[in-house]
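Protein chains: 2
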Amino acid sequence: MSNKFSQSGTPQFKVKKVYSFQIQPQDVDFQYQVTLAALTNILLTTAGYNADENGFGIRDLNKNDCSWVLLRLAVEMKDFPLQYQKIEVETWVEEVGRASTTRNFRIRNAENVIIGQAVSNWAMINRQTRRAQDLILLDGIHHFATGESVEMQKPIKLASVESGLIETFKVKYSHIDINGHTNSMRYVEWISNCFDLETYQKKKIIRFEINFLNEIVFGEEVSIFANEIEKNDFRFEIRKNGATACKARIVMS
Amino acid sequence: MSNKFSQSGTPQFKVKKVYSFQIQPQDVDFQYQVTLAALTNILLTTAGYNADENGFGIRDLNKNDCSWVLLRLAVEMKDFPLQYQKIEVETWVEEVGRASTTRNFRIRNAENVIIGQAVSNWAMINRQTRRAQDLILLDGIHHFATGESVEMQKPIKLASVESGLIETFKVKYSHIDINGHTNSMRYVEWISNCFDLETYQKKKIIRFEINFLNEIVFGEEVSIFANEIEKNDFRFEIRKNGATACKARIVMS
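Protein chains in written order, with our numbering: chain A, 41 to 293; chain B, 41 to 293.
If you are wondering where the hints come from, they were derived from the structure by calculation, not from laboratory data.
The structure displayed is predicted, hence computed values, not measured ones.
One or more hints might be untrue.
Since the list can't tell identical chains apart, any single copy or any two copies may satisfy a pair.
Said to hold, decoys possible - List time: in silico SDA-like cross-link candidates among lysine to any residue, alpha-carbon distance up to 25 Å:
1. K242 to Q71
2. K194 to H182
3. K243 to I218
4. K212 to V291
5. K212 to Y72
6. K243 to G187
All chains, full assembly: derive it from the sequences and hints.
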């Protein structure tokens, strides 16, 4: 990594970076607001861009037959941007442990006001064994650990949801991506579909968090469970053939 | 319209135009190929751009409390573009009748080879009554009728599909657009989901056509029917609460 240091040994690489997005027609719901699924996709796209630029993107990891998997994500929003509005997403690595790394996000609107923040935890896995790899093996990433957190609660380990079956269906062609798996955005879409339009009209989502536990592949039978455990505190679980694929939480106000 | 004519009376407006697109990651399936739904979306986006530019887009019609509805679409493809590939879509109005207008498309790849063609039929409706309006009332569009067809069979009136129930489900939050309806792209997605991955691996779609009959709104129960009436000739029907929402056909080879 010596080429990335000046002669005095001071790091010269940029550890925080800002990416611009415009909310597209396909990203919005019936109220012209960006959907939680599209917003999640923007965050993950930002993470991908930044990791790529810094030399530890998916394609870099693929060279060693490894890949990133998203373990947990928490998002807090003050305001959801509307169709055609522009946002800026700032992202940086907070810390790099042995088993996982934390990447944070700050979302600003066109007036440069912070409208949202997010925290994500990632593990590096071997693509064949699907087992977590020690991040100490990943050259370069440690220089990017800024130690800077965001002012929100980190994603926690969520409890299981034992009742409240909403629907059961088989995973189809349009649900899978180029890896043959259902991607994170689809999980968020299925969770978002548990609410009726009146809820979206009367309330707003202020916090969303999700734990990813297992991948879902084509043809598997998926069940979606949802429960309001306290007023405006909604818990979700997506199960497939007995195993938990993800657990999630939406807090509204 | 006098400002659009030269002094000799020759039309000066451009009646055919080409729009460029790049196939994005969210547009492709597990084989990195653009999905039929994403391709349909590209065609409808192209139609929207061109109608807007020529003064008879949705927003122009909205001023008179009217809107466009897509009645029928037929697409023939020699080749489906892959992720990140660039395509050019040429579009023009073929004819303008009293009850409907025909818009055609030609799709070229980056090597300027024609990889697909399409024909679409549209009606103008009143937004309150949802009834078709006489296109003679629409100022300006008639100058764009080129009379030029594409070398393929136009979309025909498809027969009903009486058996072969694939699935039944309720229309949810992520299925509806800003008008509160399920949009055309979603119909195509549901039809595409009737095939397993092996079919997509072994065969290719050479013709797709669809008749749109009724809109679907949030909460309605939808049933998808599919039948292979002859080898590689697949017929579909989407029904909601007894009425037919659309009928479609996919021919593979």
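query = Given identical chains, is K243 near G187, meaning Cα to Cα at most 25 Å, within a copy, between copies, both, or neither?
reply = neither (34 Å within a copy, 52 Å between copies)
query = Is it within a copy, between copies, both, or neither that the alpha carbon of K242 lies no farther than 25 Å from that of Q71?
reply = within (11 Å within a copy, 41 Å between copies)
ask   = 25 Å Cα cut-off: does K243 pair with I218 within a copy, between copies, both or neither?
value = between (35 Å within a copy, 18 Å between copies)
task = Give the relationship of K194 and H182 under a CA distance limit of 25 Å: within one copy only, between copies only, both, or neither.
result = within (20 Å within a copy, 60 Å between copies)
task = Please work out whether the CA atoms of K212 and V291 approach to 25 Å or closer within one copy, between two copies, in both situations, or in neither?
result = between (29 Å within a copy, 20 Å between copies)
request  = Could you figure out if K212 and Y72 sit no more than 25 Å apart (CA to CA) within one copy, between two copies, both or neither?
outcome  = Classified as between; 16 Å across copies, 27 Å inside a copy.
Checked against the numbered hints given earlier, this structure breaks only hint 6.
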